[in-house]
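Guided by the hints, dock chain B onto chain A, whose structure is given.
Listed in order, the protein sequences are those of chains A and B. Position one of the first sequence corresponds to residue 48 (the working numbering), numbered consecutively onward. Position one of the second sequence corresponds to residue 33 (the working numbering), numbered consecutively onward.
For the record, the hints were derived by calculation from the structure and aren't laboratory data. From the three backbone atoms N, C-alpha and C, an ideal C-beta is built for every residue, glycine too.
Covered stretches of chain B, going by a simulated chain A footprint (3 or more residues, C-beta under 8 angstroms):
#1 64–70
#2 75–82
#3 104–113
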Amino acid sequence: MTVKEYNSTVKQFGDPVYRFIYRSIKDRERAADIVQDTYEKLWNCVTEIDFNAVKSWLFTSAYNRMIDVIRKDSRLVAVEYYDDASLYAEENNSDLNEVLHHALDRLPAVQRSVILLRDYEGYSYQEIGEITGLTEAQVKSYIFRGRTALRAYLVKTSVWQ
Amino acid sequence: MKSDNEYPHLVPPDDTFPGQENMFRSPHDLTAEQFSLLAAAWAEGALSGESLSEIESVIAADREKRVIAESFRRLRLKPGTERWEGRNRLLRSTPAAKNVRRIFIYTIATAAAILAIMTLRPVAEQREAEQTLAVLPGVTVTADMPGSVTHDIQMDSEMPPAESHQVMSEPVILIASAEIEEMKRDMPLEIGIAAESNVIISEINAKNLIALQIRAIPPPSEAADERSWIVNSLAALSKSGTNEDKPVNSYTIAGSLVKSVNSLLGWEMELEKVTTDEGEPVAVNFNSGLLTFSSPVKKSNQ
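Isolated chain A (complex conformation) (with noise of 0.2 angstroms):
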C-alpha cells in the first residue's frame, strides 16, 4: 500500500471505523484513541497490506483493540446494564433509529458488534466471522438473536405493540 493509499484510508474508513467502536463502547475519547492506535499500526506495517483488503483489516484491528480495552476496564462493559428509569425515559422517543441504537447500547458486547458490523458496513456474515474470529453460525447466531432482542425492547418501551 502506498503513503497515497494509506491517506485514502484515513480519509475512506476512519469515520465509518470509529463510529463502529464508538456505538460499540460508548465512549468517544477511548474510541478515537483505538482508531488512532489502529491507524498508527497499519503505518507501521503499511507496505505490507494489500489495500485491497484494508478496510477488513482496519475493522479487525480495531475490534480487537476494543476487547483489550473492554477487558482491561471493566467500566466499559457497564455500558451494557441499564436500570428501568433510563428504558422508560426513552418510550416516547419516535425517532426509530435513535430509538434502535439505545436498544443496541442493551445488548451484549458481541451481538452489539456484529448488528453493528452487519448494518453499518454491511459484512457478510464470514467477513464479520473473520474480523470477530466467530464462525459463521455464531455471528448468525448473535444476530439473529440481537435482532430479536432489539424487537423486544421496541415492543416492552411501547414504541411498537
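Here is chain B on its own, set in the frame of chain A:
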C-alpha cells in the same frame, strides 16, 4: 488373536417408542421465541430451502406472525453522523507534498514580511525620529512635545524655581567627566550647537555643575539606512533580478518577489498598485488563492 466376530453379539430387540406419534411437530408448533429467531433469520435473507418454505407457510397462515416477521425487516441501524475528530492528524505527507508545503510557507512568510516592512517602516522611522538621546544626571524629560528635553539643573536655594528650567530643542549627548572643578560663573552660560537652539542658563552655582562634553548625533538619514538593512538587501536582490540601476522602492521589491514566486512555482499571485488619475499611488492590492487584501500606501513609503 481372535477376531471380534468370533465373540457373541447382542441383537437389538424389536422395541418401538410408543409415544413417537405425539412427538412430531409442524412449523406452526414453534414457540414465540423460536419463531422470532426464525423470523429474524428470514428477514435477514439467511434462510433457504426447507427452512424458508417452513416459515413462509407459517407466515402465510397466521397474519399476526406475518406482521411480526416483517417488523424484523425494519430493524436496521443507520450510521450516525459522528465524525472522528483526529482523522486529519493521521494523514501522512509524501516527500513532494512536504517540499511544496515548505515552499508555500516560506513564500507566505516572505510576502508577510515584505508587507509588514511596507506598512510599518514609515511608522518606525517616524518614531525613531521622535526619540531623544540626551543623557545627563539630573535631567528629566517632562514635556510631551516630541523632541524637547528639559534639563533640571540643581540651583542655589535663592534662585527662583521658574529660572531653573531651560528647554533644548536639539538632541545632544552629554557625558559627565570624572572630576568636578570648583568654579562659579556670574555671566550667562551659553550651550548649543545651533543658533536657534541655544540654551541660556543664568545664575548657576558652579558647585552643582559638572563638566560636559557635547557631541552632535549622526544625521537621521544615516541611522535610517542602518535600520533598513533588510529593505536594502531585498532592494539589492531585486536590482540584480531586474538588472536595473534605478532606485528601488518597497513596491518594486514586493512585485519582483511575487513575480519570481509565480514563475518558479507556477502560481498566480498578484500584486497590483492602485493609483489616482495623476499617477499617485494610493493602495496596494494583493491577491492569491488563499489570501486577498488591500493595503493603503503612505506617502512616505512610495
